[in-house]
Amino acid sequence: VDSSALLIYRAAWTRDTTGRRITREAAMAKMHATECAQVVIDKAVQIFGGMGVVSGVKVEELYREIRALRIYEGATEVQKVIIAKQLLNDHKD
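To convert a position in the sequence shown, counted from 1, into this note's numbering, add 11.
Read the hints as simulated data drawn from the structure, not as lab findings. All of these numbers come straight from a predicted model, not from anything done at the bench. Positions of the beta carbon are idealized from the N, C-alpha and C atoms, including for glycine. Some hints here could point you the wrong way.
[Unchecked claim] Computed beta-carbon distance windows for the label pairs:
# : residue 1 : residue 2 : range
1 : Thr28     : Leu73     : 33 to 39 Å
2 : Ile58     : Asp101    : 23 to 29 Å
3 : Gly61     : Val12     : 23 to 29 Å
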């Protein structure tokens, strides 16, 4: 959780201090936060066993919400492509 927050703060700080676009930083923060959340909720579902996938149980609801976050505004793979393109553009010069 802390690492996700730090990536968000870094993106905000970069934007505030340089005024430049933070496409790469935003993609890194989104990808890291949603991937970490997915790991946590997967473990929770595993702990809950069959109850972890029963409709109406909080763990099942969180699983669906987190899965949607990983797709919303670009899947993890799309975020990786954005990061890679930005890194390549930064090192062209």
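Numbers of the earlier hints that this structure fails to satisfy, in rising order: As far as the earlier hints go, only 2 is violated by this structure.
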